[in-house]
Every structure is written in structure tokens, then in C-alpha cells.
Amino acid sequence: MMILSYLLILLMIIGALAAVLFENLLNSIISLGLISLIAAALMFILKAPDVAMTEAIIGAGLTTSIFIFTLIKINRGDSQ
Amino acid sequence: MNFKRFITTLIIYFIFWLAYTTSLAANEIIMGIILSTLLSVFTYKSFSQKNPENNIVVRIINLIKYIPVFIIEMVKANLDVARRVINPSLPINPGIIKISTDLKSDYAKLFLANSITLTPGTLTLDVKDNNLFIHWIDIESTDKDIQKNLISGKFEDLLGGIF
Amino acid sequence: MRFRDYLSLFLVIILGFIIFQAFDGTIDNGLNIKQFGEVNLSERTSIHYINKDVNNESTQIIYNESKNPESGSANYVTSIIANYRALDTLGEITVLFIAAAGLAFVLGDHNKNNAFASDASFIVKIGVKILFPLLFLLGIYIIIHGHLTPGGGFQGGAVIATAILLKFLAYKDYKLNHTGLTILESFAGISFLIIGLIGLYTDGSFLTNFLANGTIGTLFSAGVIPIIYILIGIKVGAELSGIISNLINA
Amino acid sequence: MILLTTLGYIMIILGSLFLLLGALGIVRMPDLYNRIQAGTKATTLGALSSIIGVGLVNPNWFFKTLIIAIFIVLTNPIGSHSIARSSYKSGLKPELQSEIDEYKPENIQDERSDLR
Chain G
0 MMILSYLLIL
10 LMIIGALAAV
20 LFENLLNSII
30 SLGLISLIAA
40 ALMFILKAPD
50 VAMTEAIIGA
60 GLTTSIFIFT
70 LIKINRGDSQ
Chain A
0 MNFKRFITTL
10 IIYFIFWLAY
20 TTSLAANEII
30 MGIILSTLLS
40 VFTYKSFSQK
50 NPENNIVVRI
60 INLIKYIPVF
70 IIEMVKANLD
80 VARRVINPSL
90 PINPGIIKIS
100 TDLKSDYAKL
110 FLANSITLTP
120 GTLTLDVKDN
130 NLFIHWIDIE
140 STDKDIQKNL
150 ISGKFEDLLG
160 GIF
Chain Z
0 MRFRDYLSLF
10 LVIILGFIIF
20 QAFDGTIDNG
30 LNIKQFGEVN
40 LSERTSIHYI
50 NKDVNNESTQ
60 IIYNESKNPE
70 SGSANYVTSI
80 IANYRALDTL
90 GEITVLFIAA
100 AGLAFVLGDH
110 NKNNAFASDA
120 SFIVKIGVKI
130 LFPLLFLLGI
140 YIIIHGHLTP
150 GGGFQGGAVI
160 ATAILLKFLA
170 YKDYKLNHTG
180 LTILESFAGI
190 SFLIIGLIGL
200 YTDGSFLTNF
210 LANGTIGTLF
220 SAGVIPIIYI
230 LIGIKVGAEL
240 SGIISNLINA
Chain Y
0 MILLTTLGYI
10 MIILGSLFLL
20 LGALGIVRMP
30 DLYNRIQAGT
40 KATTLGALSS
50 IIGVGLVNPN
60 WFFKTLIIAI
70 FIVLTNPIGS
80 HSIARSSYKS
90 GLKPELQSEI
100 DEYKPENIQD
110 ERSDLR
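Protein chains in written order, with numbering that gives the first Met the number 0: chain G, 0 to 79; chain A, 0 to 162; chain Z, 0 to 249; chain Y, 0 to 115.
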């Protein structure tokens with residue numbers, strides 16, 4: 000279980016770096032969703048299922064979509 | 000209010016509630032009945048089938064027949080993927096084809112599309128009216144009837160019986 | 000002024016009277032809130048907690064059998080969120096409410112078009128038709144079983160908001176009834192406060208568990224905790240759906 | 000009981016094997032559509048068999064895992080269809096060896112305005 004946690008943390012770091020380094024904002028948002036998903040898995044390993052559920056639903060689901068809608072709005076404002 | 004559709008919806012929701020709770024305590028069952036009744040009052044119109052062709056017994060029998068067919072096809076699909084991936088020469092010959100379906104109801108078309116996506120070598124790109132556009136990994140025939148038989152032949156009758 | 004304005008004025012006056020009563024030092028049954036420094040803290044933290052005899056309590060708490068244990072909730076995270084630290088939770092949902100209100104203030108024009116130019120494809124539309132009620136039921140299940148299993152108001156409300164997000168993704172013309180959402184939200188918030196005030200009057204501290212706890216592990220147990228969690232679920236679900244609706248339809 | 004547990008572990012291992020094959024397929028296939036094909040089938044059966052395996056190892060959870068399986072079967076093909084369709088509409092041409100593409104004339108109307 001320890002090794003799994005370390006692997007997940009490594010993946011999270013990679014995801015965070017990707018979120019910063021991507022040129023396209025959409026890719027960054029999807030990396031953020033990935034980070035939240037892995038964080039949810041880590042919370043579950045740490046025996047906090049309540050937090051894991053919240054993280055999975057809000058972090059990976061709602062926040063990602065809200066960011067994407069915001070991105071749509073920003074792009075629309077640019078083009079006009 | 001269509002009573003039959005309402006009851007069907009209620010029973011489906013209640014079965015889901017039982018599976019969510021995995022408990023047969025009286026409290027849970029009472030709560031489940033109350034909640035599924037409330038939810039079906041609001042959603043039975045969009046959830047349930049408008050005019051199913053068969054009665055409920057035939058539909059359930061067809062559903063029971065459909066599940067093993069579906070699972071066998073899914074396992075076959077995975078073996079197929081494995082065969083193609085492991086083979087060093089990567090034997091694929093992809094193309095996008097159009098097949099027509101006789102199914103009328105929306106749910107039947109949805110499940111047909113999903114089944115096609117999960118069966119060997121095919122992926123539904125789009126459904127328009129009575130036509131399904133399918134990405135086929137290895138086009139075996141250009142004849143419409145043979146295509147239809149190969150891709151959707153196994154499911155059409157069963158799905159037509161369910162929905 | 001319309002009738003609604005009179006009604007709200009009346010409600011505010013009643014609420015002010017209640018709060019004044021609660022802070023009034025002349026009521027002599029021990030329920031009054033004393034001035035700073037005069038309070039004996041060991042009487043104030045939690046009555047049940049203080050009265051508990053730690054040394055002689057050797058009875059084990061058995062799931063589905065023990066009656067009236069301390070907080071009554073089988074999921075101890077819930078007992079902290081909705082009982083011991085319920086005031087914090089009230090603050091949390093207020094924060095969420097302010098966030099939603101700010102977003103509605105900036106973007107709240109519901110007459111504009113959807114962010115999408117057309118409906119989603121046939122498969123997505125019909126799939127959402129099947130998935131929406133099942134996800135909704137899952138959200139209700141998570142909310143109602145907050146005191147038994149992991150999850151609760153926040154998680155279940157978010158699941159319900161996700162179901163509504165699916166509807167928005169699939170149908171271009173889908174619109175939420177914002178008046179209804181506001182009513183649900185206010186109802187949940189006010190009921191939360193009223194439950195807190197009832198606790199203040201009957202047991203002497205805000206948001207105390209004033210109902211019987213019942214058998215631990217059954218659906219109708221843990222006194223006031225499930226009621227609070229259901230209200231939180233309604234509020235969170237309505238607020239998150241409102242945020243999504245504002246973002247998409249603005 | 001020991002039989003169920005063994006069966007469950009076998010199913011979990013089989014599921015991971017299918018997931019591995021799917022990952023291999025995603026790496027080896029030439030274009031997006033073929034990759035989705037490999038990915039969808041493998042992840043669906045892989046996740047299905049792992050989750051039902053978990054349900055068999057721990058029979059209390061069996062019905063809950065069954066529900067998860069139903070949701071996976073419903074949503075996974077819808078998601079892959081959505082990805083494939085939107086990439087076709089946004090102009091990603093499939094790599095076709097036999098040049099059969101009967102979807103082409105249909106892609107004029109109802110372009111969904113996605114990002115940009």
C-alpha cells in the first residue's frame with residue numbers, strides 16, 4: 000500500500016507539472032481533474048471515504064466542468 | 000397519468016434503491032417506496048417507454064436472454080482486441096460504414112449503439128434516424144445485408160423484444 | 000409594500016425577538032447566555048459530553064443494538080460535522096451561499112442562450128434520460144444515509160448537481176426554475192437555523208441534539224443529525240445547480 | 000465461500016489483464032478511432048470484471064458492485080462515442096486504408112460549437 004501511495008503521489012506531481020506547463024488551457028484543466036481524481040484515491044487509502052467522495056465529485060467532476068464553462072466564456076469574449 | 004408506466008418506473012427505481020442500500024430493514028423499504036414514488040411522479044414521463052410492443056413478461060424474458068449474449072460478445076471483443084494488438088503486423092483495415100436498423104424506440108437504438116460499441120471491432124460514431132454510422136476496424140464486406148448481419152444481427156431481435 | 004414584504008418583516012421581528020430572548024439574562028432556567036467571563040465553560044461545551052461517566056462506562060456500543068449512545072450516528076465523521084461542530088457547518092454552507100450569490104450577481108441573466116449552439120448527439124441525449132433519475136436517486140440515498148455510511152449532505156448534494164449538469168450538457172433548452180431553487184435554498188437555511196434555535200431553547204446550547212437517538216445503525220436514528228444533513232443536502236444541491244445554471248445560461 | 004473468494008481473485012486478475020491489453024492497444028493503434036476502439040472494450044470489460052471480482056471477494060458489497068457495473072456499461076460506450084464523434088466533427092480525419100467513409104456527407108449540419 001505504501002508503494003501505491005508513493006506512485007500516486009508521483010503521478011499527482013506529474014499532473015501538477017503538466018497543468019502548469021501545458022500551453023492550451025483546456026489541457027491544464029483536464030490535468031487538474033486528474034490531480035483531484037488521484038487525490039480522491041489517496042484519501043481513500045488514508046481511510047477518509049467522506050473526503051474521498053467529496054474530492055471525487057467536486058474536484059474531478061464539478062470543478063472541471065465549471066472551469067471549462069468559464070474557459071468557453073473567456074474565449075467568447077476574446078473573439079468579439 | 001399512465002398508471003402502467005408509472006408503476007414500471009416506480010419498480011425500477013425501487014430495485015435500484017434496494018441495491019444502493021443492500022438492506023431489507025423495514026425502515027429502509029418504507030423510505031425507498033416513498034422516495035421512488037415521489038421521484039417517479041416527476042420523472043416517469045421521460046424515463047419510461049411510451050408504447051412498448053410486448054407485455055412485461057416477454058420483455059423481462061428478452062432481457063434475461065440478452066444479457067448472456069451481450070457478455071459473450073464483450074469477451075469476444077476483448078479477445079479480438081488482444082489478437083490484433085499482440086500480432087506484430089497489426090492486422091487492421093478500418094473504415095466508416097452506415098447500416099440501417101429496424102428498431103423504432105429510442106432506448107432500443109441507444110442500447111443497440113452501446114452494444115455495437117462493446118462488440119468486436121466496431122464503434123458507433125453517430126445515430127441519425129434509422130441509420131447508425133459505425134467505425135469498423137476491419138471491413139469484411141461491402142455488402143449492406145452482410146454488414147448488418149455481422150454487426151447488429153445478434154441484438155436487433157432481442158432489443159426489439161425488450162423495448 | 001407588498002404582502003411578501005410584510006411577511007418578511009414579520010418573520011425578521013419574530014427572529015429578533017427569539018434571539019433577544021435567548022440572550023436575555025433574566026430567564027432563570029439556565030438556558031440564558033451569560034456575559035463573557037461569567038460562564039462556567041464545563042457547563043457549556045456539551046451536556047451529554049460532560050455528563051458522560053468515562054470510568055464506569057464499560058458497555059460496548061454494538062451496531063444495530065445499542066440504544067441512545069452519545070451522538071447516535073454510526074458514521075462518526077457525520078456526528079462531528081452535524082452535531083459537535085454543526086455551527087461550523089452552518090458557516091460553511093453560508094460561505095457556499097455567498098459564493099453562489101456572488102456568481103448570480105455577476106452572471107445572473109437567465110434569458111441568454113445556452114453555452115452550446117445545439118443539442119448533444121442522440122446517444123448522449125437518450126443516455127442522460129436513463130442516467131438522470133438513477134443519479135438523482137443515488138444523491139438522495141447518499142444524503143439520507145449520511146449518518147450510517149460515508150457521505151452526507153455535501154456529497155449527495157454534489158451528486159444531484161452533477162445529475163443536473165448532465166441534463167444541461169445534453170439538452171440545449173434545459174432551464175432550471177430559479178425561483179424554485181431560491182425557495183428550496185431559503186427553506187433549507189431557515190429550517191437549519193430554526194432547528195438550532197429549538198436546541199437552544201430546550202437544551203440550552205445552539206444546535207443541540209434534542210431528539211431521541213434511537214438504535215444506532217438504523218435509518219431513523221441519531222436524532223436531529225439526519226434532518227440537518229438532509230437540509231444541508233437540499234441547500235448544497237440547490238446552490239451548486241444554481242452555480243452551474245448561471246455559468247451555462249449567462 | 001473459499002470458492003467465491005478464489006473466483007473473485009481470478010476475475011480481478013483477468014480484469015487487470017484486459018486493462019493491460021487495452022493500454023497496449025492504445026499505444027499500438029495508428030489513429031484516434033482505433034485507439035478508442037481498443038480502449039473502450041478493454042476498459043469496460045476490465046473494470047467490470049475487477050469490480051464484480053471485488054463483489055465476489057466481499058459478498059456484502061455484491062449488489063453495490065453490480066450497480067457500479069451497470070453504470071460502467073451504460074456510461075463507458077456513451078463517453079467513447081462522444082469523444083469519437085466530436086473529434087470527427089472538429090475535423091480529425093480517420094486513417095482509412097480502404098477509403099470507405101459513409102459518415103462524411105452527414106457532417107455539414109448541426110456542428111456543435113465547442114471550444115473556440
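The set of hints was computed from the structure by calculation and includes no laboratory data.
Only a predicted model underlies this, so the values are computations on that prediction, with no experimental measurement involved.
Heads up, some of the hints might be wrong.
[Unchecked claim] Listed below are the simulated SDA-like cross-link pairs for lysine to any residue, each with C-alpha atoms no more than 20 Å apart in a straight line:
no.	chain 1	residue 1	chain 2	residue 2
1	Z	Lys166	Z	Asn176
2	Z	Lys166	Y	Ser81
3	Z	Lys124	A	Glu72
Okay, the hints, checked on the actual structure:
A threshold of 20 Å between alpha carbons decides the hint, and for Z/Lys166 with Z/Asn176 the separation of about 14 Å falls inside it, so the pair holds. The straight-line distance between the Cα atoms of Z/Lys166 and Y/Ser81 is roughly 15 Å, inside the 20 Å bound, and the hint therefore holds. Note on Z/Lys124 and A/Glu72: the hinted pairing is violated, with a Cα-Cα distance of about 25 Å set against a maximum of 20 Å.
The structure fails to meet hint 3 from the earlier list, while all remaining hints are met.
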